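Asker: Listed below, chain by chain, are the residues.
Protein chains: 2
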Amino acid sequence: MRLAEMTLNSKQIYAGKIINLRVDEVRLPNGQPAAREIVEHPGAVTVAALTDREELIMVRQFRQPVKKILLELPAGKLDPGEEPLVCAQRELREETGMQAGRYELVSRYYTTPGFSDEIMYLFRATELQETEQSLDEDEFIEVLRVPLTEARQMINTGEIEDAKTIIGILAAQEEFIKRTGNLP
Amino acid sequence: MRLAEMTLNSKQIYAGKIINLRVDEVRLPNGQPAAREIVEHPGAVTVAALTDREELIMVRQFRQPVKKILLELPAGKLDPGEEPLVCAQRELREETGMQAGRYELVSRYYTTPGFSDEIMYLFRATELQETEQSLDEDEFIEVLRVPLTEARQMINTGEIEDAKTIIGILAAQEEFIKRTGNLP
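So the sequences go chain by chain: A and B. Numbered by the working numbering, the letters in the first sequence go through residues 1 to 184 in order. Numbered by the working numbering, the letters in the second sequence go through residues 185 to 368 in order.
Next comes chain A alone, as it looks inside the complex:
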C-alpha cells in the first residue's frame, strides 16, 4: 500500500520567537491534493534526574497554553546547533541548579507528529550534585524532589498531566523494575 505524500508547495504563515507555522499542499497517495498545517519547532530535551534515593527532580511552572501550573520534569528547547546532551546539561543546571555525573539517552521521539515536527530527547541523569540555578528572565520555576513511586501515582491522580513527564516517569519505573525485580 502506498502511504507517502508528496509536497507540492509550502507557504509560511508565521515566523515566531519559538515556533513557526506553515501550510503545505501535498499530493495524497491517490493523487488528490490536501493541505497540512505544520508547526515548526527547534526540538527539545527532557531530563529525568534521579537522586540516589530514587527521587525525581521536578519543576512546577505556569503554562499559558493550558493556563495552569504543571508539575513536570526539567526540559527546554535546543539552541540553534546545540547538541541534545549539552542542552540537557544546561537545562538541568539552569532550571534546577543540579548537575549530573552521568547522562544516558533513553529515547528520542516526536511529540505531536500529526501537526508539528518537534523532536524530544529524553535523558536519564544520575550521580547528582547541587550547583546554582540560573533561570531565564521570563522563567519562574519551583524545584522539588518527588519519590518515583509517588510520581507514578500522580499520573493516576491527575496531578501530573504532561506527556514528556509521563514518558520519563514510566521509563524510570521500568528501569527500576528491571534493575531490582520489583515494582517501586
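Treat the hints with care, as some may be off.
Unchecked claim - Listed below are several chain A residues computed to face chain B (Cβ distance under 10 angstroms; list not exhaustive): (1) T7; (2) L28; (3) H41; (4) A75; (5) M98; (6) R102; (7) Y103; (8) D117; (9) Q153; (10) Q173; (11) K178; (12) R179.
Claimed, not checked - Negatives, chain A to chain B, calculated, CB over 12 angstroms: (13) P29; (14) E55; (15) E83; (16) R93; (17) S134; (18) E142; (19) E150; (20) T165.
As the list claims (entries may be wrong) - Computed Cβ-Cβ distance ranges for the label pairs, DEER-style: (21) B:I253 - A:T157: 33 to 39 angstroms; (22) B:S318 - A:E132: 53 to 59 angstroms; (23) A:V143 - B:L269: 34 to 40 angstroms; (24) B:E334 - A:T157: 30 to 36 angstroms; (25) B:T315 - A:L135: 37 to 43 angstroms; (26) B:L269 - A:E150: 27 to 33 angstroms; (27) B:K201 - A:T180: 46 to 52 angstroms; (28) B:R274 - A:E104: 50 to 56 angstroms; (29) B:R363 - A:L8: 23 to 29 angstroms; (30) B:A188 - A:G181: 16 to 22 angstroms.
Hints were generated in silico from the structure; no laboratory data involved. Predicted, not measured: the structure shown is a model, and the values here were computed from it. Glycine residues also receive a C-beta, built at the ideal position from the N, C-alpha and C atoms.
For this one, chain A is given, so just place chain B on it according to the hints.
Answerer: Only chain B this time, still in chain A's reference frame:
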C-alpha cells in the same frame, strides 16, 4: 513563590482546519510583560487496543510534519462536542476496522503544554472484534498487529518514535507486569 502569568491580551494569527495560532501577551510574576505563542488544538484520543494474545493493533501512516511513515497506535481528533470515549470507539473502527467490548480511560494529558493546549485521552481497549474499516478521504493507513514485547523493543530500536504511542506501550507493559507479575 508566585508562578502564574496573567493574560493581558490575545491576538489571533491564524485560524486553520485543524489548528489555530494565537499570541498572548502576559504579565509575568515579576510584573514584566512577555509574549506566548500558542497553538490551539481540538484535543484527541489514542487507543491501545490489545488482542487476547497481547498484541497491539497498530497503524502505519505518513506524517507530513516529519516527512516519514510512522508506526503508531490508532488515534484521532475530537469532533466538536464529541465525548472522548465516543471518539475512541469511532477512531478505532474507522482506522483499523476493529471494535472493542471494553474501554478503560488510562490517562489524560497535555501533549505539548509549552506551546499547545492539545489534550490527549488514552484508552485501553480489549475484547476486540473485527468489523469494517472506513477511512477519511485524506487518510491512508496500513493496519498491523504487533506483540506488546516487540512493540516495547521497537521504542529502543527507534522504529517507534511517536510520543502517544510510547505512552500507550509503556502503560500497557506496566499493566501486563501488574497483572502477571512478569515482564512481557
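Asker: For every hint, state whether the structure bears it out.
Answerer: So, going through the hints one by one against the coordinates:
1. Satisfaction of the interface hint for A:T7 is found here, the shortest Cβ-Cβ separation to chain B being roughly 7 angstroms, below the 10 angstroms cut-off.
2. Taken as an interface hint, A:L28 checks out: its beta carbon lies about 6 angstroms from the nearest beta carbon of chain B, inside 10 angstroms.
3. A cut of 10 angstroms between beta carbons decides the hint on A:H41: the least distance to chain B is about 7 angstroms, and the hint holds.
4. For A:A75, the interface hint holds, the least distance from its beta-carbon to any beta-carbon of chain B being 8 angstroms, beneath 10 angstroms.
5. With its C-beta approaching chain B no nearer than about 18 angstroms, A:M98 sits outside the 10 angstroms limit, and its interface hint is violated.
6. Taking 10 angstroms as the C-beta cut-off, the interface hint given for A:R102 is violated, the closest approach to chain B being about 19 angstroms.
7. Given hint, A:Y103 at the interface with chain B, is violated; its Cβ is 17 angstroms from that chain's nearest Cβ, farther than 10 angstroms.
8. Interface hint status for A:D117: upheld, as the beta-carbon distance to the closest one in chain B is roughly 5 angstroms, under 10 angstroms.
9. Annotation: interface hint on A:Q153 violated; nearest CB of chain B at approximately 12 angstroms, more than 10 angstroms.
10. The beta carbon of A:Q173 comes within 7 angstroms of a beta carbon in chain B, closer than 10 angstroms, and the hint placing it at the interface holds.
11. For the restraint placing A:K178 at the interface with chain B, the shortest Cβ-Cβ distance is roughly 7 angstroms, inside the 10 angstroms limit, so the hint holds.
12. Interface hint at A:R179: violated, since its Cβ lies 12 angstroms from the closest Cβ of chain B, which is beyond the 10 angstroms cut-off.
13. Non-interface status of A:P29 relative to chain B is broken: a Cβ of that chain comes within 12 angstroms, the nearest being about 5 angstroms off.
14. For A:E55, the requirement that its beta carbon stay farther than 12 angstroms from each beta carbon of chain B is met, with the minimum near 20 angstroms.
15. Residue placement check: A:E83 keeps its beta carbon more than 12 angstroms from all beta carbons of chain B (closest about 18 angstroms).
16. Listed as outside the interface, A:R93 is consistent with that label: its C-beta sits roughly 19 angstroms from the nearest C-beta of chain B, beyond the 12 angstroms cut-off.
17. No Cβ of chain B comes within 12 angstroms of the Cβ of A:S134; the nearest lies about 15 angstroms off, and the non-interface call holds.
18. Residue-level check failed: A:E142 sits 5 angstroms from the nearest beta carbon of chain B, not beyond 12 angstroms.
19. Look at A:E150: its CB is around 16 angstroms from the nearest CB on chain B, clear of 12 angstroms, so calling it non-interface holds up.
20. In this structure A:T165 is not separated from chain B by more than 12 angstroms, as the shortest Cβ-Cβ distance comes to only about 8 angstroms.
21. Distance hint check for B:I253 and A:T157: the Cβ-Cβ separation is about 37 angstroms, which falls inside the suggested range of 33 to 39 angstroms.
22. Evaluation of the 53 to 59 angstroms hint for B:S318 and A:E132 yields a pass: the beta carbon distance comes to about 58 angstroms.
23. Taking the beta carbon of each, A:V143 and B:L269 are about 37 angstroms apart, inside 34 to 40 angstroms as hinted.
24. At roughly 32 angstroms, the beta-carbon separation of B:E334 and A:T157 lies within the given 30 to 36 angstroms, and the hint holds.
25. Against the hinted window of 37 to 43 angstroms, the Cβ-Cβ separation of B:T315 and A:L135 comes to about 53 angstroms, which falls outside the hint.
26. Restraint check, B:L269 to A:E150: a C-beta distance of roughly 29 angstroms satisfies the suggested window 27 to 33 angstroms.
27. For the pair B:K201 and A:T180, the beta carbons lie near 49 angstroms from each other, so the given range of 46 to 52 angstroms is met.
28. Taking 50 to 56 angstroms as the suggested C-beta distance range, the pair B:R274 and A:E104 does not conform, at roughly 40 angstroms.
29. At roughly 49 angstroms, the beta-carbon separation of B:R363 and A:L8 lies outside the given 23 to 29 angstroms, and the hint is violated.
30. Taken as a hint, the range 16 to 22 angstroms is violated for the pair B:A188 and A:G181, whose Cβ atoms sit roughly 43 angstroms apart.
Hint violations for this structure: numbers 5, 6, 7, 9, 12, 13, 18, 20, 25, 28, 29, 30, all remaining hints satisfied.
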